[in-house]
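Asks: In order, the protein sequences belong to chains A, B and C.
Note that the working numbering numbers the first sequence so that position 67 is 67, with each residue one more than the last.
Note that the working numbering numbers the second sequence so that position 183 is 183, with each residue one more than the last.
Note that the working numbering numbers the third sequence so that position 233 is 233, with each residue one more than the last.
Check each hint, because a few of them may be wrong.
As a list, the in silico DSS-like pairs of lysine-lysine whose alpha-carbon atoms are at most 27 Å apart [said to hold, decoys possible]:
hint: 1; chain 1: C; residue 1: K258; chain 2: C; residue 2: K243
hint: 2; chain 1: B; residue 1: K171; chain 2: B; residue 2: K77
hint: 3; chain 1: C; residue 1: K27; chain 2: C; residue 2: K315
hint: 4; chain 1: C; residue 1: K33; chain 2: C; residue 2: K11
hint: 5; chain 1: A; residue 1: K125; chain 2: C; residue 2: K33
hint: 6; chain 1: C; residue 1: K199; chain 2: B; residue 2: K413
hint: 7; chain 1: B; residue 1: K252; chain 2: C; residue 2: K199
hint: 8; chain 1: B; residue 1: K455; chain 2: A; residue 2: K95
hint: 9; chain 1: B; residue 1: K77; chain 2: B; residue 2: K56
hint: 10; chain 1: B; residue 1: K481; chain 2: B; residue 2: K163
hint: 11; chain 1: B; residue 1: K171; chain 2: B; residue 2: K252
hint: 12; chain 1: C; residue 1: K315; chain 2: C; residue 2: K79
hint: 13; chain 1: C; residue 1: K231; chain 2: B; residue 2: K497
hint: 14; chain 1: C; residue 1: K79; chain 2: C; residue 2: K231
hint: 15; chain 1: C; residue 1: K243; chain 2: C; residue 2: K79
hint: 16; chain 1: B; residue 1: K77; chain 2: B; residue 2: K19
hint: 17; chain 1: A; residue 1: K125; chain 2: C; residue 2: K27
Just so you know, these hints were derived from the structure itself, not from any lab.
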Amino acid sequence: MQKRILMAKTGLDGHWRGPTIVARALRDAGFEVIMIGMANTDDIVTSAVDEDVDLVGLNIGGHIDVAIRSIENVQAARPGLPIFAGGTIPPHAAKQLEALGVEVYPPGSQLIDIVDAAERLTGIK
Amino acid sequence: MQKSPTDKAVYSRSGIELKSFYTESDIPQEHRSRVTSNPGDAPYHRGFHPSGYRSKPWRIFQLSGFGKPEDENERIKFLLKNGETGFIMEHDRNTGDHCYNVDHPEVVARREDVGLTGAVMQSVRDTAICMDGLPIGSSFGHAGGAVVQHAPFALASYWTVAKQRGFDLGKLPGTGQSDFNLTYLGCVTKEQIPTQPGLRFNADIIEFCDRYLPYWVPVSIAGYNAADTGLTPDQELGVLFANAVEYLDEIKRRGSVDIARAARACGGVSFRASIEFIEEACKMRAARLMWADLLHKRYGISDPKVANLRIHCVTAGSKMTYQQPLNNIVRGTLMALGAVFGGVQSLGVSGYDEALSIPSEHAHQMSVRIQQILQEETGISNVTDPLGGSYYIETLTAQLAEKAWTFFEEIQKQGGYLAALDSGWLHACASENQYQEFMDMERGDQQVIGVNCFKDDGSPFEVDGFMGTDDAFDVATERLKEVLRTRHEAGAASALKRLEADCRSDTNIMPAMMEAMSAEVTLGEIGDVYRDVFGNWDTPIQT
Amino acid sequence: MGEPTTQTLLKSAVGGERSSLARLLSKIERDPKVETEIRTSLAGGQATSLVVGVTGPPGAGKSTLISALLSHTTASYEKTAVLAVDPSSPFSGGALLADRVRMQSHGLGDRVFIRSMASRGESGGLARATSTAIQLLEACGWPLILLETLGIGQVELEVMDLATVVTVVLNPGWGDTFQANKAGLTEAGDVFVINKADKDGAQQTRVDLQDSLSLIHSPVPIRIFDTIAVKQDGVESLWQGIKDYLNEAQAVGLIEQKLLSRNRRLLMRILQRDFDDRISAYWRSDHGGNQVLRTLAGDLTIEALREDLFAHMAKLD
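Here chain A stands alone, though its shape is the one from the complex (with noise of 0.2 Å):
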């Protein structure tokens, strides 16, 4: 039984190696990933709600605000449902998004370490 993993992109930035580099290896460990690319919080939490899926993973570069708005918007549309970040995301930015409850994975993060934190976090294991 597939599931599914939203991944966004907070910013504006157009770079894209990292999460297509993730999102494959999702893709490779059986889950079904749905990308919405650049996307600003309405289309976050819209995706999130209309695609029921079961984790969200959100590529973070920029200021930190822009994405703690999208965190909060899908945490009081779907409370409970997990939250994973990655992207350039400095040391006191992290703090912040873990306070939320959200899990970073700063750049350099092991592509197995993700898979690992997708399995659990949507209850595979």
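Model the placement of chains B and C on the given structure of chain A, informed by the hints.
Replies: Below, chains B and C alone, put in the same frame as chain A:
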């Protein structure tokens, strides 16, 4: 490069098998005669000037920008004072890349990001603030406009400010970028004009500069984003020249500019300098070989002035690690060394905090210091092409050029550079390499210090990341209202109408763009015209 | 916090609660028992919704075209739902579902509902899940459903049977590629689109397509439309063309005829899938596994194995 016991094959980043040592007989036959040529002689792999850096040091050229235009102005002045010898004006990417004004809903939704990586410049008034007091005539300014659809605005607003300050455009030095590999391969934006109108824009810019700004480098054909997105050094070479051919063939088709003059103007290219610095140095040497070869074989040009390939280099941002960021100072230095060994004309070193945020003032300064130490303390500038004649260097240079031409031909088989972008073929090549690189790291075949080995960080130093200023959005919003309120509305409307008409026809859009700048037409209004006339590029990748 | 029952969710969804609809769609995909429950709960309801299929080879621009169609469809039908089906990886069972990206900027808010579905590999299963999903969307007040699939592969093409009118989206140069699938696509389509019509070869493709279509007898004219979806060019005409086709087909009883033969095929596939499931269960069971070994050893004839299988099939679930 793979770690291996002595009997296992070892490869360069381009996939060329490396011997454990080289001798004269390793140098490919067709390259042997070239080895004895001098810098300044065809085929130019050794460089164009025998006196090299003795007579002209490479330019220290750092990407710099954030905040309000006045913040960026201050940062540029800081860098110039600290030894930078050219300046780059970065435009805010949320507005600039997309040609949105700051009140566009997608920008408003990300208001804290506005001004993070560049200053918001929505009209010529903002550009004027950013350029205030800058030595545009004596230094070498990059006007910004890295993204193709943004370039006409960025250039025209810079030139308009220069004119307003009494500068003769006929003598104005500087460069644009309008970078296809950045726009369509590496940093795909949310909305972008398709590749065909993009090519049209760049040819318009080349034509316009040929006529009115002979000292200005109209566009920069750049490999950085091709490489940082995953293409190997040989592929970066191949794709860069495929890009160049697309521009030159278009100019040839138009017949409006002498092809040799256009080639000379476009002979300012940009490469990435990555951490395998010997191969990177060979890449620059191979580039000079390939350009001279291309000009001669494809366009019948042998003029040394045209073959003079001026190379700008930026060190690989993706190699800067999040973990143990001070190690990145070493990485930056080594990558810079490769570029210098390769004989580049200008160099930007990535900030050591690149993986965490935009560069702090300290990281910026460090990037400049690395280059200054290289220039002043190492003696490296005293001898031109110091690695020339090395068995390894000459062999690898020749092999790289050959492999690069193969990739160039594969791109032609796809229908050419534009077709290879539209179909996603180039993206697939890059993606496949990225994946292999990741896998190499995961398996431990590629060790990255501090990331997958030697992870304990004994340093008490924490780099926290710079978050820019926080009033860029508000000030930009006010300034947008102000310009819309106070400009001569009839003039702006008529200029915008002219621009739209020219976009729809075959007319070179730059004259209309210059008029639009003087009339204080804003970026978002121009973007709306583009979206209406050209539609949106159908991106071949899911991001 | 207890899980709401299917019936609770159903009531809520039919009452207009979007998140309940979303959750039920997941259950339909995952749990055959729940899917059956929903199907039976909704049986007897009117099949009032229009299902417009959009299919074609990868890269044709289907998602971009759908995005451009949305402003027109919502003008005609107030609300539009989109089911975007993409293939699952045969190796891992996972999937990359990226159609949503191109449909995001519709600006139509609540009037559009987009759902991505992975084919999950099995023909009958997908068709059944999609069929129930469509029923559910109907019951929740979505009068128009755009069903998008890749026009390659049995699994995806078969899902098109759920559509009332099938739109095939091609690009210039189509005649030169996808040789093997040409027959499948030309037979499946009711309306044809040449998207990216500004590219070279559009005219030739139209000619090639007309040639292929001339071999098919249809009581209603099959039209070809040129579009440039990224610029919204030709999209309004296409929508009008789809509506025209529906009216003409309705008038000559073609819709009813098509629906009948499509439902027959769908039913067959559902039964086949049920049979396959039961044969697999037999094969995996201790008893069945033994019988198979005996047959392979020559102790049991194939006929006797078959009789045994049939006798057990009724008991298996």
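Asks: Does each hint fit the structure? Answer for all of them.
Replies: We went through each hint and held it up to the structure:
1. With a CA separation close to 17 Å, the supplied pair K258/C and K243/C stays within the 27 Å bound.
2. With a C-alpha separation of about 22 Å, the suggested pair K171/B and K77/B falls inside the 27 Å cut-off, and the hint holds.
3. About 25 Å separates the Cα atoms of K27/C and K315/C, which keeps this hinted pair within 27 Å; it holds.
4. Taking the CA atoms of K33/C and K11/C, the gap is near 18 Å; set against the 27 Å cutoff, the hint holds.
5. The straight-line distance between the Cα atoms of K125/A and K33/C is roughly 24 Å, inside the 27 Å bound, and the hint therefore holds.
6. Of the supplied pair hints, the one linking K199/C and K413/B holds, its CA atoms being roughly 18 Å apart against a limit of 27 Å.
7. At most 27 Å may separate the alpha-carbon atoms for a hinted pair to count; K252/B and K199/C meet this at roughly 22 Å.
8. Distance check on the hinted pair: K455/B and K95/A sit about 20 Å apart at the alpha-carbon level, within 27 Å; holds.
9. For a cut-off of 27 Å, the pair hint linking K77/B to K56/B stands: about 22 Å separates their Cα positions.
10. The straight-line distance between the Cα atoms of K481/B and K163/B is roughly 25 Å, inside the 27 Å bound, and the hint therefore holds.
11. Straight-line distance between C-alpha atoms of K171/B and K252/B comes to about 26 Å, which keeps the hinted pair within the 27 Å bound.
12. For the proposed pair K315/C and K79/C, the alpha carbon gap of about 45 Å is over 27 Å, so the pair is violated.
13. With a C-alpha separation of about 20 Å, the suggested pair K231/C and K497/B falls inside the 27 Å cut-off, and the hint holds.
14. Among the hinted pairs, K79/C with K231/C is consistent with the structure: their alpha-carbon atoms are about 23 Å apart, no more than 27 Å.
15. A threshold of 27 Å between alpha carbons decides the hint, and for K243/C with K79/C the separation of about 16 Å falls inside it, so the pair holds.
16. Restraint check for K77/B and K19/B: the C-alpha separation of about 48 Å exceeds 27 Å, so the hint is violated.
17. Taking the CA atoms of K125/A and K27/C, the gap is about 20 Å. The hint holds against a cut of 27 Å.
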